[in-house]
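Asks: Here is what each chain is made of, one letter per residue.
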Amino acid sequence: MEPLRFTPSSPYTMGVELELQVVNTRDYNLARGAADLLERLGRVELPGEVKPEITESMIELNSSVHARHGALLAELRLMRDAVALHAGKLNLAICGGGTHPFQQWAERRIYSESRFEYLSDLYGYLAKQFTVFGQHIHVGCGSGDDAIYLVHALARYVPHFIALSASSPFSQGVDTAFDSSRLNAIAAFPLSGSMPFVQSWDELNAYVAKMYRFRIIGSMKDFYWDIRPKPEYGTIEIRVCDTPLTVERAAALAAYAQALAHRLLAERPHRPTRDAYLVYNYNRFQASRFGLRGNFIDPHTERHVMLADDIARTLEELAPYAEALESREPIEGLRASVASGENDAAWLRDAYQRTHSFTDVVRLQAARWAGREQ
Amino acid sequence: MPTPDFAFLPDFPPPLGALTLFGLLLLAGLVGGHLVRQVRLPAITGYVAVGMLVGHTGLGLLTAELLQQARVFVDISLGLLLYDLGRRLDLQWLRQDRWLLASGVSESLLSFVLIYVALALYGLSPLYAAIGAAIGISTSPAVVMLIAQENRAEGQVTERALSLVAMNSVAAFVIVTVLLSVLHLEYRASWVSIVLHPLYLLAGSMLLGVVAWALALALGRWLGKREERQFVMLVALVVLTVGSANMLRLSVVLALLVFGILVKNFDRRHRVLPLELGVRAQLFLVVLFVVAGASLDARYLAVAGGAGLVYVAVRFVGKMLGVMLWAPLSGLRPKSAALLGLALTPMAGFAVVMVQDVWGLYPEPDVQALAVVTSAVVLLEILGPVAVQFALRRAGEAGVPR
Chain A
469 MEPLRFTPSS PYTMGVELEL QVVNTRDYNL ARGAADLLER LGRVELPGEV KPEITESMIE
529 LNSSVHARHG ALLAELRLMR DAVALHAGKL NLAICGGGTH PFQQWAERRI YSESRFEYLS
589 DLYGYLAKQF TVFGQHIHVG CGSGDDAIYL VHALARYVPH FIALSASSPF SQGVDTAFDS
649 SRLNAIAAFP LSGSMPFVQS WDELNAYVAK MYRFRIIGSM KDFYWDIRPK PEYGTIEIRV
709 CDTPLTVERA AALAAYAQAL AHRLLAERPH RPTRDAYLVY NYNRFQASRF GLRGNFIDPH
769 TERHVMLADD IARTLEELAP YAEALESREP IEGLRASVAS GENDAAWLRD AYQRTHSFTD
829 VVRLQAARWA GREQ
Chain B
1343 MPTPDFAFLP DFPPPLGALT LFGLLLLAGL VGGHLVRQVR LPAITGYVAV GMLVGHTGLG
1403 LLTAELLQQA RVFVDISLGL LLYDLGRRLD LQWLRQDRWL LASGVSESLL SFVLIYVALA
1463 LYGLSPLYAA IGAAIGISTS PAVVMLIAQE NRAEGQVTER ALSLVAMNSV AAFVIVTVLL
1523 SVLHLEYRAS WVSIVLHPLY LLAGSMLLGV VAWALALALG RWLGKREERQ FVMLVALVVL
1583 TVGSANMLRL SVVLALLVFG ILVKNFDRRH RVLPLELGVR AQLFLVVLFV VAGASLDARY
1643 LAVAGGAGLV YVAVRFVGKM LGVMLWAPLS GLRPKSAALL GLALTPMAGF AVVMVQDVWG
1703 LYPEPDVQAL AVVTSAVVLL EILGPVAVQF ALRRAGEAGV PR
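Line order of the protein sequences matches chains A and B.
Residues in the first sequence are numbered from 469 upward in steps of one, following this note's numbering.
Residues in the second sequence are numbered from 1343 upward in steps of one, following this note's numbering.
Bear in mind the hints are in silico, worked out from the structure with no lab data behind them.
Fair warning: this is a prediction, and the values are worked out from it, not measured in the lab.
It is possible that part of the hints are untrue.
Stated by the list, open to error - Okay, derived cross-link-like pairs now, SDA-like style, lysine to any residue, Cα gap no bigger than 20 angstroms in a straight line: (1) K689(A) x G661(A); (2) K1677(B) x K689(A); (3) K519(A) x G1673(B); (4) K519(A) x L472(A); (5) K1567(B) x A503(A); (6) K1567(B) x D643(A); (7) K1567(B) x G641(A); (8) K596(A) x G1741(B); (9) K1677(B) x A1740(B); (10) K1567(B) x N497(A).
Unchecked claim - One-sided excerpt, in silico: chain B residues whose CB lies under 7 angstroms from chain A: (11) W1435; (12) Q1438; (13) D1439; (14) Q1498; (15) K1567; (16) P1616; (17) D1639; (18) A1640; (19) A1644.
Backbone N, C-alpha and C define an ideal beta-carbon position, used for all residues, glycine too.
So here's chain B without its partners, still in its complex pose:
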């Protein structure tokens, strides 16, 4: 008990606080990234590895409580990235090259079907198998975008990969949301919530994106084409949208994607400057991946590592086939198509969030399904960045690294 004389001293141990946490995570990421770069691995792998080391799986320094504190930084960085990703979905391009749209649909569909079959054979109930498969549709936007930036990659494989990621992220989110309503049915929720919850999520999130878009257009017009001001405007709108989505229990992913897609495709007078927010907010991305690593529970590997591996394999086959199928018509060389398929490997960190959201809804979740999907995510957090970097470099699209 401190005497009144020493009341100015902090409690012991002093509470960490969000800022200290942010700084520590950043330093940890820096160290990890620097170390793995020595062996020519992507920095992301280092961020994730450090995260795993200090998180659940490793030393357990990052407790669930601290992770919750870090959530705000993760949300900001995800928001910025998802806006960038939405801007990569160019409807005009999809009109000019319909086969790109076709490969987006087929790779999503094939990976869903193959994972579903595998999970069903593994013994999961059809509903959980479907949810597990739907989560696997999405490729991690964060990993693909950051690897592309880190390598200054540019070219058809990079551009197409980012478009496909945008498409499969939307697809995964919509399908998971629809399946959620079926899950409600399973748990005998009221009809009202079965119908209204997905409707609220989809329509509400989209509406939020529309509002952000309308504000961006109006503000962009008022501010004029000044980069610094528009950058502040966009970051403000992105953070505001993320915050509102959380407040209203809507989807951050869908709202931000819709925001980006609308700005890219429905800004006829070009009021909003084409700024990439992610590049300018690298710091947040480092923290994003450290936290992603820390949140993963690699112990699931022991429970369902084999099944996770099968999940990864069939998902890979689905994406690869889906892309290769249309490559000749899209005028893509077989080698480029294969590398494009490879670049779709990473699984989204927010897949984990989706998994936890789904499984957290009801008291007796199917732990087995959770274990398989989490194992796959753990494997791909490690393999994914390496695969993307390999693909972009082999495609000859990587520039001189920054």
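One chain only, chain A, in its complex shape:
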């Protein structure tokens, strides 16, 4: 296997990928409509890209690369509106959220494309259970070594992204008690987890080459790590987020990642340690189970704090960077949401409380995504 080359990109640029649910407008169950929708969208001039995903009930929105939050949000809104318009013509609706509240996984159909069919063969029912919807955030890095440092430094903040994006409290028709139940679906895959404790791009290359020789992987794509470098884009990719219920939240999360990456690479506040990974799974569980109310162990001070407090403090530290990156507004928005203790999971639970019907929850979810909330 050729050693992977990290194609540098301009630092702190960002892009997002959003996996979205395609639902019918009768009972708002997942619908089989991705192919028809993509066919229509193929004939429309759009920024970014809309792509198929593993099941016929999912599409993926890819933004282009942006240096500023404002431009990213504008583009996402444009794409959202175009997709919603064409979905409407097919009598389909689109919504965010990390899981569909009541779909039955056995009923899903795999999008017919060779890679997806291969995955479905390999993973059996896991592939269908993997009908979950995430947001991936890319942040540009100047070098492979920077990327490795950033992946380790961001590990401490993984719970932040989980709690801020959590939007999958319901799964298979029940309240899971988790804020993000989606993460549990991913944990079942053998190559999920976090990047091994390598210290440089060369060390990572050696690791990947070894795994390739073992014939455990075919390429870097087979690792489903929470954060992984993406050498061909020259980015690191944060993969723990549920797809939020609005593009505004999605863009704000990207702005958060951007400012955080800027601060971490500029200040390098901590040297990566193995110890940081000792608390990793504990913190990750707390965040996906309890959301903003989760417990958080700071790997450097070893102190326990409430996750919301740690996020609030971090947001404050980022103020100068947000200023420089022109993202004060979204960062402020996140702080307000943390202060109120509200995330999308709370919104979904509230919607269910009001309506007592998962169908209604998804209907409201779709309206919220389209930007026309009642």
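Once you have looked at the hints, place chain B on chain A.
Replies: Relative to chain A, chain B alone:
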């Protein structure tokens, strides 16, 4: 003569009774459906074939009297299906994709015109030709819905086909009703009945649908969003509506369609849960198709088989053209549009009921017209389900069969 000692014994032969009949029909359907599935034909074809075997055309086991007894089960199943179908007519969708509405109008219109011309050329009087053509507008909701369910089909061809079926069912019913008034004129009925009968049918049936809708909303609100309770509520309202329509000599088809359409489109607070009744009442549907098969008199094929074939052909052309015309604007691939046209092939079993109703009104009906339309229905009872299954599978919309 049984002696008093044996008075506890039933008469010989004992009367069959509705329940025994229901069970027998169900078993017969089961056998037929299972057999045809072995050769990958839709189960419906098996139900209909078994029906034909035991009915008029075949062994004659199912007499007209027994069929009359079975009518109640048929009415229930039709009622449930028509409610489901009404719920498929999504006005919001028609607003967002006007070309869907356009294809609904054009396929109805074109199939009407083409059948009319063909029947007129065949020598039918203009009025009977028009009635025969109007009946041909409608696609069988029962066949399309059941095939879609059986194949777990989902996608644009399936969804659009069901919307078009809902539209053409309404269109067929309204046009047949209007033509009825002209038929009255032909038979020199009084002006009062010419005007009032269709008016009573249309307005009365719609009103019945409105009442059912209002009750559903009120009860739905009171019961809350509990699936089991709302299911019972909806079945109760559907059966009640069917029964009232029969009692009041209104149209079951129109009343139930209106009920479904209103629930789907005018329930702003979403009080009524989106439940599919047909899926949960499969048993009744089996009986529906066995009875449909048994009611058909295939002997008409001998009289007017050729004309029936022409009827089927021009109707097919009309529907196909009507759909293909707007496909590019609707963003539908030509292949999907063609399959959509194909999926509209089956003719409604209640077409037979309409035919008999129309022809039964007056002492000297045009038997020739009856023969042509019935032949077409017989042909399509066999071909229709196969065509729909082929269309949905070819469109790639069929899932793993249940």
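Asks: Now look at each hint and say whether the structure bears it out.
Replies: Against the structure, the hints come out as follows:
1. K689(A) x G661(A): holds (14 angstroms)
2. K1677(B) x K689(A): Outside the cut-off at roughly 36 angstroms; violated.
3. K519(A) x G1673(B): holds (19 angstroms)
4. K519(A) x L472(A): violated (25 angstroms)
5. K1567(B) x A503(A): Status violated; Cα separation ~33 angstroms.
6. K1567(B) x D643(A): holds (17 angstroms)
7. K1567(B) x G641(A): holds (14 angstroms)
8. K596(A) x G1741(B): holds (14 angstroms)
9. K1677(B) x A1740(B): holds (16 angstroms)
10. K1567(B) x N497(A): holds (16 angstroms)
11. W1435: W1435(B) check passes; min Cβ-Cβ to chain A is 4 angstroms, inside 7 angstroms.
12. Q1438: Result: holds, 4 angstroms to nearest chain A Cβ.
13. D1439: Holds. Min distance 4 angstroms.
14. Q1498: Since the shortest Cβ distance to chain A is 5 angstroms, the answer is holds.
15. K1567: holds (4 angstroms)
16. P1616: Holds, because the Cβ-Cβ distance from P1616(B) to chain A comes to roughly 4 angstroms (cut-off 7 angstroms).
17. D1639: Violated - the Cβ of D1639(B) stays beyond 7 angstroms from chain A, reaching only about 38 angstroms at its closest.
18. A1640: violated (38 angstroms)
19. A1644: violated (44 angstroms)
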